[in-house]
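Enquirer: Chains as they are written, first to last, in full-length UniProt numbering: chain D, 1 to 481; chain F, 1 to 256.
No wet-lab data here; the hints were simulated from the structure. Every residue, glycine too, gets a C-beta built ideally from N, C-alpha and C. Check the hints yourself; a few may be wrong.
[What the hints assert, rightly or not] Partial pick of chain D residues on the chain F-facing surface, computed with a CB cut under 7 angstroms: (1) 404; (2) 407; (3) 408; (4) 411; (5) 423; (6) 425; (7) 433; (8) 438; (9) 442; (10) 451.
[As the list claims (entries may be wrong)] Partial list, derived from the structure: chain F residues whose beta carbon lies under 10 angstroms from chain D: (11) 19; (12) 63; (13) 64; (14) 82; (15) 113; (16) 114.
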Amino acid sequence: MANENEILDNIANKEYEFGFVTDIEMDILPAGLNEDTIRYISEKKKEPAWLLEWRLKGFQAFRKQKLPEWQNFTLPSIDFQKISYYAAPRSKKKYNSLDEVDPELLATFEKLGIPLSEQKALAGVAVDAVFDSISVATTYKEKLKELGIIFCSFGEAVQEHPEIVQKYVGSVVPHSDNIFAALNAAVFSDGSFVYIPKGVRCPMELSTYFRINTENTGQFERTLIIADEGSYVSYLEGCTAPMRDENQLHAAVVELIALGNAEIKYSTVQNWYPGDKDGKGGIYNFVTKRGICKGANAKISWTQVETGSAITWKYPSVILQGDNSTGEFYSVAVTRNKQIADTGTKMHHIGRNTRSRIISKGISAGQGQNSYRGLVQIGAKADEARNFTQCDSLLIGDQCGAHTFPYIESKNNTATVEHEATTSKIGEDQIFYLNQRGIDSEKAIALIINGYAREVLNQLPMEFAVEAQKLLSITLEGSVG
Amino acid sequence: MLIIKNLHAEVEDKKILKGIDLTVNAGEIHAIMGPNGSGKSSLASVLAGRESYQVTEGEVLFEGKNLLEMEPETRAREGLFLAFQYPIEIPGVSNINFLKTAIGEIRTYKGLPPMDAKEFLRLTREKQKLVEFDAQLVNRSLNEGFSGGEKKRNEIFQLAMLQPSLSILDETDSGLDIDALRIVAQGVNKLRSDKNAFIIITHYQRLLEYIIPDFVHVLYNGRIVKSGTKELALELEEKGYDWLKEESREQEATTI
Numbered sequence: 001m002a003n004e005n006e007i008l009d010n011i012a013n014k015e016y017e018f019g020f021v022t023d024i025e026m027d028i029l030p031a032g033l034n035e036d037t038i039r040y041i042s043e044k045k046k047e048p049a050w051l052l053e054w055r056l057k058g059f060q061a062f063r064k065q066k067l068p069e070w071q072n073f074t075l076p077s078i079d080f081q082k083i084s085y086y087a088a089p090r091s092k093k094k095y096n097s098l099d100e101v102d103p104e105l106l107a108t109f110e111k112l113g114i115p116l117s118e119q120k121a122l123a124g125v126a127v128d129a130v131f132d133s134i135s136v137a138t139t140y141k142e143k144l145k146e147l148g149i150i151f152c153s154f155g156e157a158v159q160e161h162p163e164i165v166q167k168y169v170g171s172v173v174p175h176s177d178n179i180f181a182a183l184n185a186a187v188f189s190d191g192s193f194v195y196i197p198k199g200v201r202c203p204m205e206l207s208t209y210f211r212i213n214t215e216n217t218g219q220f221e222r223t224l225i226i227a228d229e230g231s232y233v234s235y236l237e238g239c240t241a242p243m244r245d246e247n248q249l250h251a252a253v254v255e256l257i258a259l260g261n262a263e264i265k266y267s268t269v270q271n272w273y274p275g276d277k278d279g280k281g282g283i284y285n286f287v288t289k290r291g292i293c294k295g296a297n298a299k300i301s302w303t304q305v306e307t308g309s310a311i312t313w314k315y316p317s318v319i320l321q322g323d324n325s326t327g328e329f330y331s332v333a334v335t336r337n338k339q340i341a342d343t344g345t346k347m348h349h350i351g352r353n354t355r356s357r358i359i360s361k362g363i364s365a366g367q368g369q370n371s372y373r374g375l376v377q378i379g380a381k382a383d384e385a386r387n388f389t390q391c392d393s394l395l396i397g398d399q400c401g402a403h404t405f406p407y408i409e410s411k412n413n414t415a416t417v418e419h420e421a422t423t424s425k426i427g428e429d430q431i432f433y434l435n436q437r438g439i440d441s442e443k444a445i446a447l448i449i450n451g452y453a454r455e456v457l458n459q460l461p462m463e464f465a466v467e468a469q470k471l472l473s474i475t476l477e478g479s480v481g
Numbered sequence: 001m002l003i004i005k006n007l008h009a010e011v012e013d014k015k016i017l018k019g020i021d022l023t024v025n026a027g028e029i030h031a032i033m034g035p036n037g038s039g040k041s042s043l044a045s046v047l048a049g050r051e052s053y054q055v056t057e058g059e060v061l062f063e064g065k066n067l068l069e070m071e072p073e074t075r076a077r078e079g080l081f082l083a084f085q086y087p088i089e090i091p092g093v094s095n096i097n098f099l100k101t102a103i104g105e106i107r108t109y110k111g112l113p114p115m116d117a118k119e120f121l122r123l124t125r126e127k128q129k130l131v132e133f134d135a136q137l138v139n140r141s142l143n144e145g146f147s148g149g150e151k152k153r154n155e156i157f158q159l160a161m162l163q164p165s166l167s168i169l170d171e172t173d174s175g176l177d178i179d180a181l182r183i184v185a186q187g188v189n190k191l192r193s194d195k196n197a198f199i200i201i202t203h204y205q206r207l208l209e210y211i212i213p214d215f216v217h218v219l220y221n222g223r224i225v226k227s228g229t230k231e232l233a234l235e236l237e238e239k240g241y242d243w244l245k246e247e248s249r250e251q252e253a254t255t256i
């Protein structure tokens, strides 16, 4: 019979399901990065002068910064001049309805299992699909409009709501924050924009699906979500990319702003191409995500299920400025083959009685390396601040690794900070127990993994929880020989 | 139902089973007793297909099929159930979801359509009452944080749900107080029929006061050294295992 290692080898050899390439005509900017590139992008997008200026400031900051060296993996050299910074499906005009969208493009989304069709709309999901750099279609916009909710591509927001964009862009993740955020500020192509007016509870999950298609293009999207006082929104982002031998860079920025009594729930299901079993190809997923609870009683909750990418490097964070505000981070990160994940969160407690909760579940298989890196910072004025961190690692096989780097900085002695950590292996006993009830090893592993990740999956909206559960199973699936 | 012929097995090159012969027919309850280390639990593990055990000789037929060639999950789907001596905890997986998956797999194997949710719920309620299993435990994570007794009772609940033809109870009575023991025994008595069979592995005679076996076998040093009816169990209770050990040694001496 197959032993544990054979099962795991099979898991490691399972191929990427979403590795198809869509053949449509694209407008692609030649590789290279200089001020002209930035001016080209800005002009292409008919941006106002202030935005071009901001981009150029970002570029200046980018040139001054060096690649970080503190990470727990070897950062491959990245030649920023070999990347093309703009790619868009060649189209004659803007789309007024889905019927006008290139059928190939729609078929791609169908294959991804996220049809932009009415069905999805009926399911209550408004989808803003980003295909390479341009947002193709935004569904359900009209209904949202009635409530005063703005949900559109970043580019559209720049044209139609420049005052809001100008007020908030870069206010949480400055143009000089880090080298990748600076690069994004300089060359970001598109992304999503959400504004929820005062007191409005967004009646549906808002969702963006990102996909990198063209070879040698980096995707630099930028998401900005503003929840005005007393409002609520749940936002979901999913990502895939086709199989390429070359590595592709994805350096996105997400900024969340929750005003007083507002709540933002941001969920990510990330399934970028992880590279093949020898570690060739795959996405470098270097993303800066940060939210601020600006007003009292605000709440920001990050949930992420990370199964893809060759390297995932991100720390969705919350600045807890408002008194009584809450920050949450729920994460499942899976690494297998030669994948690397260095992820975690930062919770900056500034206001009084602020609370944060961190639940991180790492799963390592094959030769995958999984690091949790977290910072809990309690400021001098953050009286009675509380943090709870639970950080679990699950190892499958004997060649993978799990690492934990929790940092705590407290300047206030009324604060309570708790940290719990566990490391476990999927035991042969567990698999045998399930075998003995008629469940084969592959399903047994899927069951155990989903049980392990339950606390995080429970945070996802129902429909996506099911999707994420399937994704976890597929990711660690292999036929048992 | 089950025919074991001259079964030899070892674990890490250590001979554990040294020629077991046993036939179990539908409707029968067999008790296997013996001192610690005699190979009782090893026999259960070998029958269930635990990987660390190597069968070196002999054969086992289950419903006419070669059991030893089957994967552990196939044995289970064919109707062989092992109530574990030490049930395993699986955090985050609810008891109910686990049972649904198991029943689904078994039905698929048998070419039956999936059980609908309503029927599954009805079955769960029925069996949970039958074996007096706490309804709250049904929805909790599989064995996580269960007491020793609750874990053992969960094994009997699973047995009731999966309705196997052959159930092997591996020291299910160990660690149970008298009330839990009675509940477990009553569960088994309610579940027994002329179509299924039980092999009850136990160290003490106590459980056999509640579940009356048709046959009692004594395992010692990897062999069945004595078989009889329930009176044998009483005799063992009274005299202990030492006289059998003596007898067994004498036999061994004469065969050499």
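Enquirer: The structure should be examined with respect to each hint, and the outcome stated for every one.
Expert: Hint check results:
1. 404: At about 19 angstroms, which exceeds the 7 angstroms cut-off, the nearest Cβ of chain F leaves the hint on residue 404 of chain D violated.
2. 407: The hint is violated - residue 407 of chain D has no Cβ within 7 angstroms of chain F, the shortest such distance being about 27 angstroms.
3. 408: violated, 26 angstroms
4. 411: violated, 36 angstroms
5. 423: At 14 angstroms from the nearest chain F Cβ, residue 423 of chain D fails the 7 angstroms test, so the hint is violated.
6. 425: violated, 13 angstroms
7. 433: holds, 4 angstroms
8. 438: Given a least distance of 4 angstroms, the restraint on residue 438 of chain D holds.
9. 442: violated, 10 angstroms
10. 451: OK, holds: residue 451 of chain D within 7 angstroms of chain F, min 3 angstroms.
11. 19: Violated - the Cβ of residue 19 of chain F stays beyond 10 angstroms from chain D, reaching only about 24 angstroms at its closest.
12. 63: violated, 15 angstroms
13. 64: At 20 angstroms from the nearest chain D Cβ, residue 64 of chain F fails the 10 angstroms test, so the hint is violated.
14. 82: Because about 5 angstroms separates residue 82 of chain F from the closest Cβ in chain D, which is inside the 10 angstroms limit, the hint holds.
15. 113: Where the cut-off is 10 angstroms and the nearest Cβ of chain D is about 16 angstroms from residue 113 of chain F, the hint is violated.
16. 114: violated, 14 angstroms
Hints 1, 2, 3, 4, 5, 6, 9, 11, 12, 13, 15 and 16 from the list above are not met by this structure, while the remaining hints are.
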